[in-house]
Each structure stands twice: as C-alpha cells, then as structure tokens.
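Visitor: Turn these sequences into a full structure, and let the hints guide you.
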Amino acid sequence: MVSDPIRTVDQLDVPLAPTRARAALPLPNLRPLLAWIMPPLIALLLLAIGVEIWARATDVSIWVMPRPTAVIEAFVSDFGLYFQEGLLTTGVSLAGLAVGTATATIIAAGVAHSQLLERAVLPIAIMVKVTPVVALIPLFIIWLGHSVEPKIAIAALITYFPVLVNAIAGFRDVDPRMHDFFRSVDASTWEIFRHLRLPAAVPFLFASLKISVTLSLIGAVVAEFFLSGQGGLGALIWIEQNNLRLERVFAAVLMLTLIGVTLSTAVVAAERVFSWRLDQPVAAS
Amino acid sequence: MPLPSHVAPTVIKHPIEPEAEPAVQLCGVSLTYETTAGARLEAVRPTTLKIRAGEFVALVGPSGCGKTSLMRVIAGLQPPSSGEAFVFGQTPKQAQRYKRLGLVFQEPALLAWRSVEDNIRLGLELNPRENHSRNNVEQLIEMVGLLGFQRYRPAELSGGMQQRVALARALAIDPPLLLLDEPFAALDEMTREHMRYELLRLWGVSHNPQDPPRSAVFVTHSVAEAVAIADRVLVMSVRPGRIIADVPIATTRPRRPEHEHSDRFINDCAIVRAALRSPTTPAVPLDAA
Numbered sequence: 001m002v003s004d005p006i007r008t009v010d011q012l013d014v015p016l017a018p019t020r021a022r023a024a025l026p027l028p029n030l031r032p033l034l035a036w037i038m039p040p041l042i043a044l045l046l047l048a049i050g051v052e053i054w055a056r057a058t059d060v061s062i063w064v065m066p067r068p069t070a071v072i073e074a075f076v077s078d079f080g081l082y083f084q085e086g087l088l089t090t091g092v093s094l095a096g097l098a099v100g101t102a103t104a105t106i107i108a109a110g111v112a113h114s115q116l117l118e119r120a121v122l123p124i125a126i127m128v129k130v131t132p133v134v135a136l137i138p139l140f141i142i143w144l145g146h147s148v149e150p151k152i153a154i155a156a157l158i159t160y161f162p163v164l165v166n167a168i169a170g171f172r173d174v175d176p177r178m179h180d181f182f183r184s185v186d187a188s189t190w191e192i193f194r195h196l197r198l199p200a201a202v203p204f205l206f207a208s209l210k211i212s213v214t215l216s217l218i219g220a221v222v223a224e225f226f227l228s229g230q231g232g233l234g235a236l237i238w239i240e241q242n243n244l245r246l247e248r249v250f251a252a253v254l255m256l257t258l259i260g261v262t263l264s265t266a267v268v269a270a271e272r273v274f275s276w277r278l279d280q281p282v283a284a285s
Numbered sequence: 001m002p003l004p005s006h007v008a009p010t011v012i013k014h015p016i017e018p019e020a021e022p023a024v025q026l027c028g029v030s031l032t033y034e035t036t037a038g039a040r041l042e043a044v045r046p047t048t049l050k051i052r053a054g055e056f057v058a059l060v061g062p063s064g065c066g067k068t069s070l071m072r073v074i075a076g077l078q079p080p081s082s083g084e085a086f087v088f089g090q091t092p093k094q095a096q097r098y099k100r101l102g103l104v105f106q107e108p109a110l111l112a113w114r115s116v117e118d119n120i121r122l123g124l125e126l127n128p129r130e131n132h133s134r135n136n137v138e139q140l141i142e143m144v145g146l147l148g149f150q151r152y153r154p155a156e157l158s159g160g161m162q163q164r165v166a167l168a169r170a171l172a173i174d175p176p177l178l179l180l181d182e183p184f185a186a187l188d189e190m191t192r193e194h195m196r197y198e199l200l201r202l203w204g205v206s207h208n209p210q211d212p213p214r215s216a217v218f219v220t221h222s223v224a225e226a227v228a229i230a231d232r233v234l235v236m237s238v239r240p241g242r243i244i245a246d247v248p249i250a251t252t253r254p255r256r257p258e259h260e261h262s263d264r265f266i267n268d269c270a271i272v273r274a275a276l277r278s279p280t281t282p283a284v285p286l287d288a289a
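In the order they appear, the protein sequences are chains A and B.
The first sequence begins at 1 in this note's numbering and counts up one residue at a time.
The second sequence begins at 1 in this note's numbering and counts up one residue at a time.
Hints listed in this document are in silico derivations from the structure and should not be mistaken for laboratory results.
Glycine included, every Cβ here is placed at the ideal spot set by N, Cα and C.
Each hint should be verified, as a subset may be incorrect.
Unchecked claim - Computed footprint of chain A on chain B, listed as stretches where at least three residues anywhere in the stretch have a Cβ under 8 Å from a Cβ of chain A: (1) 70 to 83; (2) 124 to 136.
Unchecked claim - Simulated restraints on C-beta separations: (3) A:L41 - B:A155: 33 to 43 Å; (4) B:G83 - A:H179: 22 to 32 Å; (5) A:R119 - B:G159: 57 to 67 Å; (6) A:H179 - B:I266: 32 to 42 Å; (7) A:I124 - B:A112: 31 to 41 Å; (8) B:P128 - A:I124: 33 to 43 Å; (9) A:T189 - B:G28: 25 to 35 Å; (10) B:A39 - A:T189: 30 to 40 Å; (11) B:G159 - A:R194: 23 to 33 Å.
Guide: Encoded structure:
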C-alpha cells in the first residue's frame with residue numbers, strides 16, 4: 001500500500017518559511033534591547049535634569065513641584081513601602097483583570113452562539129461601557145464593604161468591555177470552510193468551540209488584554225483613592241497629597257509606572273508563548 | 001432504493017453493498033435563494049442524479065452554475081429547497097454522523113495553530129466513534145509526501161503542501177465518499193497537473209482492502225482536469241444550473257499523464273467543451289488547458 005514519498009514534488013513544494021523554534025524562546029540579544037531602551041531613558045533623564053535646573057533656578061516651592069532628586073531620594077529611601085503598597089495595587093489590578101476577563105469571555109462565548117443573547121446582552125454591555133464606572137465606587141463600598149472587594153469589582157468592570165468585544169469578534173472569526181469541515185464529521189457545538197472558535201480567538205484575547213491590563217490598574221488606583229484606609233499606592237498618593245509631601249506622591253506614581261510597564265510587558269511575553277499568530281489583529285475597544 | 005431516514009444502519013462501516021446502493025443519489029434536488037430585495041433566485045434546477053459506488057465523477061460548469069451548492073447539498077451542509085439527497089442510502093446528516101464524507105475545499109482551510117500531523121488527525125478526534133474506520137496517519141503522511149514535515153505549521157508550507165495536508169485530513173477518516181470542491185484551483189499549473197495524479201493514487205487508499213471502492217465527486221473549472229481523472233464528466237449549464245451532459249470517460253485506469261496526449265483524451269475534452277458551448281449555455285470562457 002505504501003509507496004515511496006515523492007521526492008520529485010518536494011523540490012516543487014519547498015516550504016516557504018523555516019520552522020520557528022516555539023518551545024524554547026532564544027535569550028534576547030542585549031544589543032538591540034539596549035537600542036530600544038536607551039533613547040527613552042536618556043530622554044527621561046534629560047527631562048528630569050531640565051526640571052531640576054528649572055526648579056532650582058526659579059526656586060519654585062516644593063509644595064508645588066518637588067525636585068526630581070528629592071523624588072528619587074524618597075523612592076530609594078522608602079522603597080520597601082512603595083514596593084509593598086505596589087504589590088497590593090498589583091494584586092487588586094490582576095484580580096480585577098482575572099474576574100473581568102473570565103466573565104467577559106464566558107458572556108462572549110454565549111453571545112457568539114446566540115443572536116438572541118447578543119441582542120439582549122450587548123446593549124447592556126455598551127451601557128456599562130459608556131458609564132464612567134468609577135462613579136459606582138461609592139455604591140460598591142456600600143454593597144461590598146470597606147475592603148478589597150469593591151476595588152476588585154471596579155477593576156473588573158473597567159476591564160471587561162474590551163475583552164468582551166474582542167472575544168465575540170474572535171469566536172466569530174472562523175473560516176467558513178473550516179466550519180464546514182467540522183460540520184461534515186458531525187462535530188458537536190462544544191467540539192467546534194473547543195477546537196475551532198476558542199483557538200481562533202486567542203490572538204483577539206491577547207490584543208484586548210493589552211488594553212485591559214492598564215485599564216485594570218487605573219480602576220484599582222481610583223478605587224484606592226476612595227478607600228484610603230485600605231492601603232495600596234492610590235491610598236498612599238491620597239494621604240501624601242493631604243500631607244503636601246509631593247515628592248512622595250511622585251515616588252508612588254513612579255512605582256505605578258514601573259508596575260504598568262511590567263504588567264504590559266508580561267502580557268506581550270505571554271502572547272509570544274501562548275498565541276499562535278504573529279500578526280496580531282488590531283484590538284477594538 | 002434509498003433507506004428511509006429513520007432506519008439506522010446496522011453496521012457502521014459500509015453497511016450497504018456497492019451494487020445495491022449508489023454512493024450519491026439526488027432526487028429532484030433544487031436550490032432557490034431569497035435575495036435581500038425579496039426576489040427569488042433559482043440557483044439549481046431540479047436535478048436527479050445517481051453516482052455508483054466506486055465511481056469518480058467530475059462536475060464542470062461555468063462560474064456560478066451551482067456546482068458548489070450541489071456539492072454542499074450532498075455534504076449535508078445546505079438543505080435543498082426541494083428534493084432529497086442520499087449518500088449510500090442515508091441522509092447526508094447520517095453520513096456526517098458516521099463520518100462517511102471526506103471534504104476538500106479550494107482553500108486548504110487548515111487550523112493555523114495545529115501542526116501538520118494534528119491537522120490530519122482532526123477528523124479522527126472530532127465526534128469520536130468506537131467502530132469508526134480510520135487510516136493510519138503516519139502512513140498517510142508518507143503517502144502525501146509530507147514525511148519530515150509532521151511538526152510544521154500550515155503557514156510554513158507551500159500552497160501545494162497545504163492542499164496535501166487537507167487531502168490527508170479528508171482521507172484520515174477513511175470515508176467511502178470524497179467530495180472535492182475545486183481542490184487544485186488555487187495552485188500553480190505545474191503543481192496542479194501533478195496533484196491530479198497524486199489524488200488518483202490516494203483516492204483508493206484504505207486501511208481495509210475489503211472495503212468497497214471509494215467514490216468521489218470532483219468540482220472543477222478545468223475540462224482537462226475533469227477528463228483526466230473522472231470516469232464520468234457531468235456538465236452543468238449557467239444559472240439556473242442543471243446537468244446538460246453526462247460524458248463517460250472510457251480511458252482505462254490507472255490513468256497516467258501520458259494519456260493527456262492521446263487522441264481519445266483530446267476527443268473527450270472536445271465533447272465536454274461542445275456540451276459547455278451548447279445552445280442552452282452561452283459561450284463561456286473556460287480556463288481549461
């Protein structure tokens with residue numbers, strides 16, 4: 001039955017691209033990495049020096065504009081505090097992201113399968129989206145108490161919409177011929193979802209996660225403003241602002257920036273590992 | 001006679017003798033679409049057709065004549081507006097359930113996130129059936145000339161190789177009926193001419209030598225392709241499509257590329273082309289070689 005593999009045709013059909021090593025990501029070459037990181041770092045440094053010179057020259061009040069050197073001093077000397085509060089904020093942000101993403105993905109799976117559900121759910125989802133959800137924080141505090149729950153709820157609510165929209169698009173972005181093949185062997189709705197729709201949606205989910213991860217941080221910080229007794233960088237900023245210790249406000253903001261960069265980078269890294277497509281679709285928000 | 005739809009086959013694999021049941025039977029199948037403007041568009045006129053088990057039938061016709069729609073009816077992907085379709089005496093839905101259909105499309109339609117091997121296994125993984133007949137996947141990979149490419153992703157293969165994966169995927173479930181919808185239309189001419197003989201070689205691949213010979217329905221634009229591979233060429237008219245000629249191709253099997261230079265081949269092509277140009281159809285440019 002078995003004949004020889006056809007060598008003649010292998011010459012006609014040369015593979016277009018060499019195999020990508022998928023499992024083992026090569027260690028990044030430091031040189032191009034530095035070429036990316038150095039210019040913005042130098043620009044930032046120059047900006048800080050400029051502010052420092054301006055602040056010293058005009059003798060602007062430290063109640064208005066702290067000197068960059070004072071900010072760095074505050075950041076370094078009290079790094080433990082900013083790190084600890086930062087962990088708290090990161091935790092709230094990630095918990096909210098997880099809840100928001102999971103909820104949105106589940107709703108999207110339903111919506112992608114049912115036009116009726118789409119008509120019922122999508123307008124409500126858009127209503128929530130156009131409402132500034134931070135306006136709900138006082139309510140959430142009443143409902144969920146003075147603890148971590150209202151913060152997570154706000155972070156989740158602020159993240160869910162981009163995930164919902166992209167997940168619906170992803171679950172539906174299925175080649176009709178592939179769908180035909182699944183139907184031709186009488187695959188169940190679950191099999192079509194598990195083996196066709198879900199993998200097809202992965203690049204869309206990552207595209208929305210890139211947006212959501214920073215949104216969840218915003219939600220967490222704003223909620224912390226309201227719950228300044230419960231810790232977190234937002235609460236710290238609120239307290240230090242009342243104390244007029246602006247260098248400490250700036251140091252907390254600096255920590256938030258570092259968290260934002262870290263989380264976004266983590267999403268991109270996860271995408272490289274878990275997503276099958278390299279040309280990512282543009283996320284809708 | 002076709003079984004009534006409520007009668008389940010007693011044996012899962014090939015319950016019906018090839019002599020007793022045709023591979024495909026269309027009884028007055030027609031297709032009418034409702035356009036958005038509310039007008040009725042007749043795509044396929046009532047068509048009655050019988051394809052014997054083991055027969056390789058090519059369906060040629062101008063663009064938009066309903067060849068693909070007719071094939072989708074046989075595959076159970078589209079319900080006919082009227083009439084009935086049977087595959088080995090069963091409804092197309094039953095044929096799907098017992099995995100008796102092997103589909104290949106113009107585009108490979110492979111899962112980009114799966115390797116070549118996992119794409120070929122797809123049909124076996126879905127709707128798993130205990131007694132289902134299956135071809136040996138390793139053997140299939142070798143037969144379609146993809147040995148060494150098992151771990152590749154579809155995007156890393158050329159168009160011809162991707163279409164071989166699609167062919168292997170269709171054959172993995174060892175279906176008694178292959179449905180091929182212009183499978184080589186997107187390939188370059190050289191690959192395309194080679195692939196038709198590859199297809200004929202693979203057509204008979206079955207894990208079980210006692211199986212009845214496999215049937216195939218092959219939709220194409222190319223007269224030469226149709227005459228080269230088929231036992232019978234069915235010619236369809238422009239929309240509303242109907243079968244206007246049924247041309248038997250007597251050339252013996254196995255077919256070889258040399259046959260395409262024979263007088264008989266050229267003569268058969270001429271008959272099919274004449275049917276395509278017959279008064280019921282306006283002269284349609286065909287991309288036939």
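Visitor: For each hint given before, does the structure comply? Return the numbers of the non-compliant ones in rising order.
Guide: Those not satisfied come down to hint 5.
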